[in-house]
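> So you can see what is in the structure, the chains are spelled out below.
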Amino acid sequence: MIPIDFEYYRPSTIIKAVQLYQDLTGNQKQTIFYGGGTEIISRARMNEISPNAVIDLKNIPECNVLKKDTETITIGATVSLTQIADSAVFPLLTNVARSIAFRTARNKITIGGNLTGDIIYREALLPFLLTESEAVIAGREGTRQVVISGNGIKLNEGEFIVQLVTNNKFAQYRHINHKTTKQSKVNYPIVSIASILVDDQIRVAFSGVCAYPFRLNQIEEALNDVTNSPGKRIQAAIDLLPAPILHDAQASSEYREFVLKQALQQLLDNFEGVS
Amino acid sequence: MIQNMQAGQLISLAINDQVKEAYVRNSDTLLYTLREQFGLVGAKPGCNNGDCGSCTVLVDGIPINSCHILSVEAVGHKITTIEGLTDSTIQQAFIGNWAIQCGYCTPGYILNIYALIQTYPDADDAMINEWLESNICRCTGYQEIKEAVKNTLIARKINE
Numbered sequence: 001m002i003p004i005d006f007e008y009y010r011p012s013t014i015i016k017a018v019q020l021y022q023d024l025t026g027n028q029k030q031t032i033f034y035g036g037g038t039e040i041i042s043r044a045r046m047n048e049i050s051p052n053a054v055i056d057l058k059n060i061p062e063c064n065v066l067k068k069d070t071e072t073i074t075i076g077a078t079v080s081l082t083q084i085a086d087s088a089v090f091p092l093l094t095n096v097a098r099s100i101a102f103r104t105a106r107n108k109i110t111i112g113g114n115l116t117g118d119i120i121y122r123e124a125l126l127p128f129l130l131t132e133s134e135a136v137i138a139g140r141e142g143t144r145q146v147v148i149s150g151n152g153i154k155l156n157e158g159e160f161i162v163q164l165v166t167n168n169k170f171a172q173y174r175h176i177n178h179k180t181t182k183q184s185k186v187n188y189p190i191v192s193i194a195s196i197l198v199d200d201q202i203r204v205a206f207s208g209v210c211a212y213p214f215r216l217n218q219i220e221e222a223l224n225d226v227t228n229s230p231g232k233r234i235q236a237a238i239d240l241l242p243a244p245i246l247h248d249a250q251a252s253s254e255y256r257e258f259v260l261k262q263a264l265q266q267l268l269d270n271f272e273g274v275s
Numbered sequence: 001m002i003q004n005m006q007a008g009q010l011i012s013l014a015i016n017d018q019v020k021e022a023y024v025r026n027s028d029t030l031l032y033t034l035r036e037q038f039g040l041v042g043a044k045p046g047c048n049n050g051d052c053g054s055c056t057v058l059v060d061g062i063p064i065n066s067c068h069i070l071s072v073e074a075v076g077h078k079i080t081t082i083e084g085l086t087d088s089t090i091q092q093a094f095i096g097n098w099a100i101q102c103g104y105c106t107p108g109y110i111l112n113i114y115a116l117i118q119t120y121p122d123a124d125d126a127m128i129n130e131w132l133e134s135n136i137c138r139c140t141g142y143q144e145i146k147e148a149v150k151n152t153l154i155a156r157k158i159n160e
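Same order as they appear, the protein sequences are chains A and B. Sequential numbering from 1 applies to the first sequence in UniProt numbering. Sequential numbering from 1 applies to the second sequence in UniProt numbering.
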């Protein structure tokens, strides 16, 4: 049982959702956007958050799009991970989505929620980081489209993701994803990697390694430097990590580094046939 | 612009082919409303955190943890609880395969597997495993449950 009360709104258009947020926050009401709601419900139940109002985005048609045309793949923010996992529109994302949580949870978790939630892993972000994808974001100033890079999507106050747009060509490239968990298959990652081969260059993005998901050009340069041995390339990549390796109840930093090395070795083996 | 300024509302839910009305708090989960407002106690509270699957119901035929959906979210959707599933082949298979021990997880399993069979009647082992990952049986009757699923799928094919 959730111990707090909140107002609940389900607008049918982007404009109404944005306006509602402005009106509610203007009335000093702490307001959050709501997609699948799994994280919000769990955190509200544990008294970690106490919004005065939630704005459910699932009735907004643009947020429910899942399509692939000749140029682009478009995925609405409230499309569930199961819909993505069962779809062939973006194979790398399909594989990554299938590795998140378990099926019944994925029926409710939305792609937008996974990308913007407070849980640090945000694994569904990795394929978008690798493919110069763009996020369509709605807010008070209208909609804007930004390239998804670095370590994610930065939303301003009152903004929400409407759609993710990816160039169709990336659906064709070779790709690999790897996830190691502590014990059972269903868990948060100790190391989660998504990678794609573009013009014979490996692109790789990480989750579970540091306190946030990321893709870093310098790491890719190190991994693609074939003048070095695979072992040196992997060590160089690890030396370039942008933040300390996570050290928590899931795994020690030492073990995470060990798993990361194995995962990168497998990645090179797969893409380059290196043994 | 703001029409609903309250923390609760009167809602109508389509549950097991019946329309039921209740005044709910917006923050009430469907699990809470099913059990406390409608007396549909087949959905079992387990973890209350979307982890165990014991409160699984079908929303438009899709398995959903009823602890992880607000009652107000369920408006406009068709809800099926274990009380609405009578004499399905998977229920008989659970009995026939001794797939029930304490029974607490059983309604969630039954509804999840019912949806699997309806959606993917040709499900292979990998798919069965993927779907069964969503539910936990603390009596650890996993093998019998999986056999019940496989036998149901086989029987269904024979009868086609």
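By construction, these hints were calculated from the structure, which means they are not laboratory data. Note that the Cβ used here is the ideal one computed from N, Cα and C, for glycine as well. Some hints here could point you the wrong way.
Derived DSS-like pairs (lysine-lysine); straight-line CA-CA distance at most 30 angstroms [stated by the list, open to error]: (1) Lys67(A) / Lys78(B); (2) Lys78(B) / Lys150(B); (3) Lys68(A) / Lys154(A); (4) Lys78(B) / Lys68(A); (5) Lys185(A) / Lys146(B); (6) Lys150(B) / Lys58(A); (7) Lys146(B) / Lys58(A); (8) Lys185(A) / Lys20(B); (9) Lys20(B) / Lys182(A); (10) Lys182(A) / Lys261(A); (11) Lys29(A) / Lys185(A); (12) Lys67(A) / Lys29(A); (13) Lys169(A) / Lys16(A); (14) Lys78(B) / Lys16(A); (15) Lys29(A) / Lys16(A).
Restraint ranges, calculated between C-beta atoms of paired labels, are given here [said to hold, decoys possible]: (16) Met1(A) / Tyr104(B): 11 to 21 angstroms; (17) Gln183(A) / Gln143(B): 18 to 28 angstroms; (18) Tyr120(B) / Val186(A): 12 to 22 angstroms; (19) Lys16(A) / Asn159(B): 48 to 58 angstroms; (20) Lys182(A) / Asn159(B): 19 to 29 angstroms; (21) Lys182(A) / Arg138(B): 17 to 27 angstroms; (22) Lys157(B) / Lys68(A): 26 to 36 angstroms.
> Look at each hint and say if it fits the structure.
These are the hints, each one checked on the structure:
1. Taking the CA atoms of Lys67(A) and Lys78(B), the gap is about 25 angstroms. The hint holds against a cut of 30 angstroms.
2. As the CA atoms of Lys78(B) and Lys150(B) are separated by approximately 27 angstroms, the hinted pair is consistent with the 30 angstroms bound.
3. Distance hint between Lys68(A) and Lys154(A) is fulfilled; the C-alpha atoms sit about 25 angstroms from each other, no more than 30 angstroms.
4. Only pairs whose Cα atoms come within 30 angstroms are accepted, and Lys78(B) paired with Lys68(A) is accepted, the gap being roughly 29 angstroms.
5. The hinted pair formed by Lys185(A) and Lys146(B) meets the criterion: a straight-line CA distance of about 17 angstroms does not exceed 30 angstroms.
6. For the given pair, Lys150(B) sits about 35 angstroms from Lys58(A) by alpha-carbon distance, which is inconsistent with the 30 angstroms threshold.
7. As the CA atoms of Lys146(B) and Lys58(A) are separated by approximately 34 angstroms, the hinted pair breaks the 30 angstroms bound.
8. For the proposed pair Lys185(A) and Lys20(B), the alpha carbon gap of about 39 angstroms is over 30 angstroms, so the pair is violated.
9. For the proposed pair Lys20(B) and Lys182(A), the alpha carbon gap of about 44 angstroms is over 30 angstroms, so the pair is violated.
10. In summary, the hint linking Lys182(A) to Lys261(A) is supported, as the alpha carbons are separated by about 16 angstroms, within the 30 angstroms threshold.
11. With a C-alpha separation of about 40 angstroms, the suggested pairing of Lys29(A) with Lys185(A) is violated against the 30 angstroms cut-off.
12. For the hint linking Lys67(A) to Lys29(A), the alpha-carbon distance of about 36 angstroms lies beyond 30 angstroms, and the restraint is violated.
13. For the suggested pair Lys169(A) and Lys16(A), the alpha carbons sit about 34 angstroms apart, so the restraint of at most 30 angstroms is broken.
14. Restraint check for Lys78(B) and Lys16(A): satisfied, since their Cα atoms lie roughly 26 angstroms apart, inside the 30 angstroms limit.
15. With a C-alpha separation of about 17 angstroms, the suggested pairing of Lys29(A) with Lys16(A) holds against the 30 angstroms cut-off.
16. About 19 angstroms separates the C-beta atoms of Met1(A) and Tyr104(B), a value consistent with the hinted range of 11 to 21 angstroms.
17. Distance hint for Gln183(A) and Gln143(B): a CB-CB separation of about 20 angstroms, consistent with the stated range 18 to 28 angstroms.
18. At roughly 20 angstroms, the beta-carbon separation of Tyr120(B) and Val186(A) lies within the given 12 to 22 angstroms, and the hint holds.
19. Between Lys16(A) and Asn159(B) the beta carbon distance is about 50 angstroms. The supplied range of 48 to 58 angstroms therefore holds.
20. Between Lys182(A) and Asn159(B) the beta carbons are some 43 angstroms apart, a value that contradicts the proposed interval 19 to 29 angstroms.
21. Separated by about 20 angstroms at the C-beta atoms, Lys182(A) and Arg138(B) satisfy the suggested range of 17 to 27 angstroms.
22. Under the hint 26 to 36 angstroms, the C-beta atoms of Lys157(B) and Lys68(A), about 33 angstroms apart, fit the expected range.
Going through the hint list in order, the structure does not satisfy hints 6, 7, 8, 9, 11, 12, 13, 20.
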